[in-house]
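Enquirer: Take these sequences, add in the hints, and give me the full structure.
Residue numbers (the numbering used here): 1020 to 1252.
For the record, the hints were derived by calculation from the structure and aren't laboratory data. Just so you know, not all the hints are guaranteed correct.
[Said to hold, decoys possible] Okay, derived cross-link-like pairs now, PhoX-like style, lysine-lysine, Cα gap no bigger than 20 angstroms in a straight line:
no., residue 1, residue 2
1, K1250, K1163
2, K1218, K1163
3, K1184, K1242
4, K1163, K1225
5, K1155, K1244
6, K1155, K1107
7, K1233, K1244
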Amino acid sequence: MKTKKHKSKNNIVFGAVVGLAGIACGLWLLISLEKLSGTEFVAFSLGFAVVGLIIAFAAEVQEFSIAGNGVKLKELRSEAERTIEDLKRARTEVFRFMVQKSIEFSGVLGSGSKVDERVEQFIKLFEQIEKFDCIKELQIDISKALNILMVGQFNNLAFIHNNTKSVGDIFGSKEKPDLLYIELKDEMINQIIERIQPKQEFEYVKEDVIEGIKAYAKLYAIKVKLDKLEKEL
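Expert: Written out as structure tokens, the structure reads:
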């Protein structure tokens, strides 16, 4: 009962805001921009006032009439809610498809960079999934793709940690990205330079390696989030 009264009060406040906003907008168009005539201003303001009243008393009003046609608010609201749920499900499935495609390579010849080309797009995709609160629905798909990308990026940095991973392997505290920064030495960068043609500047190669560690760190951070979510379930 208390919740219903609170909801009704919120509706009244929001309805009043809509009505007042419409009148204020009408005055602005009438006085400042001179876009409305006096008659148009009255019609404009009344329109917003009616909408405001409908919003304010939506919980009580069951039906209203537009040009003689009865419109049932509850039916419209139910249909809108069903449509919204359908759109949410469709959005989740689109995200699922994109996650599954995110592990594919572009097909372009590799540049020799220590940054896996797939990581950046996957991170952007995860941020959108997180923004729309779809992580729980897609947790299994995200975890599978994440593991594949973590293995790829971790192995790109094998010259630092002298270790390799296979798909399905677990990443624990021994594979924390902070350790890679500590273990990275200038001699390792020089060894990379010796193996590549044409020769590249030390700072350029080192920056690429650092970006590779950063990419791995971002993936590791997503892993930590998923692990935390799994514990909460």
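Enquirer: It remains to establish, for every hint, whether it holds in the given structure.
Expert: Each hint, compared with the structure:
1. K1250 x K1163: The hint holds at about 17 angstroms.
2. K1218 x K1163: Judged against 20 angstroms, a Cα distance of about 37 angstroms means the pair is violated.
3. K1184 x K1242: 16 angstroms, holds
4. K1163 x K1225: 30 angstroms, violated
5. K1155 x K1244: 11 angstroms, holds
6. K1155 x K1107: Given pair K1155, K1107 holds - Cα atoms ~13 angstroms apart, limit 20 angstroms.
7. K1233 x K1244: Measuring from Cα to Cα gives roughly 17 angstroms; hence the hint holds.
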